[in-house]
Structure formats: C-alpha cells, structure tokens
Amino acid sequence: MSTFFLVVGSGMALVLGAAGAVALVTGRIVLPWFRGSVSRPGLWGAGALLLAGGLAATRRMPSGGSMPLVLVGLSLMTAAQLLEEPRQTRSGRTVGSANRSK
101 MSTFFLVVGS GMALVLGAAG AVALVTGRIV LPWFRGSVSR PGLWGAGALL LAGGLAATRR
161 MPSGGSMPLV LVGLSLMTAA QLLEEPRQTR SGRTVGSANR SK
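In the numbering used here, each residue's number is its place in the sequence shown (first place is 1) plus 100.
Read the hints as simulated data drawn from the structure, not as lab findings. Accuracy of the hints is not assured; some may be wrong.
With beta-carbon atoms standing in for the labels, derived distance ranges [claimed, not checked]:
| # | residue 1 | residue 2 | range |
| --- | --- | --- | --- |
| 1 | V172 | G136 | 22 to 32 Å |
| 2 | E184 | L131 | 15 to 25 Å |
| 3 | S163 | T126 | 32 to 42 Å |
Backbone N, C-alpha and C fix where the C-beta goes; we use that ideal spot for every residue, glycine too.
Modelling step: build the complete structure from the supplied sequences, incorporating the hints.
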C-alpha cells in the first residue's frame, strides 16, 4: 500500500508542478477544468508549484513538515479563483499600468 501512495503522490506532484510552471511562465492554464474559473493564472501557477512541492516533500520531511507548503499552495490557488480579473481599458491595457509605449 505504501508503494501505491508513493506512485500516486509523485504523479500528482509532477502533473501539478508542470501545470503550475506553464501557468506561471505563459499565463495559460493547461488543465481544462480550471480554464474558465481561474482569473489570475500566475497566482494559480505559483500555488500549484507550492502544492506540488509539498506533495513531493511529504515522504522526505518529518510528520507534518510539508503541511505549510500544501496550505499556502491551496490558499494561493483558491485566491486565484476567487479574485476578480484585473479591469482593462478599451485599448486592452490593464487599468493602472504604466504607459510603456514611450
């Protein structure tokens, strides 16, 4: 039974880590069931990377040592889904962003 949890946990950590890295770098959500609900892909990607790190470190850390990584990752992923999208002007720029075209 222990080998089963090692394989499943490692697989989940790899998938979440890859999806988080893609979301953090490109700003796109790879997992199709999260695409419509995530308004801030960078924040979601950072949370997914922390969650993947917590899952991967579960076997290597003492009891409960990886729990802060998992909790912070889950809270960042939740915040990415609950926060509103940044407002944009009619030109497509985000409100409050500096004018970088000069």
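Going down the list of hints, with the structure as the test:
1. Judged by the Cβ atoms, the range 22 to 32 Å given for V172 and G136 holds: they are separated by roughly 24 Å.
2. Between E184 and L131 the beta carbon distance is about 21 Å. The supplied range of 15 to 25 Å therefore holds.
3. In this structure the hint that S163 and T126 lie 32 to 42 Å apart at CB holds, the actual value being about 36 Å.
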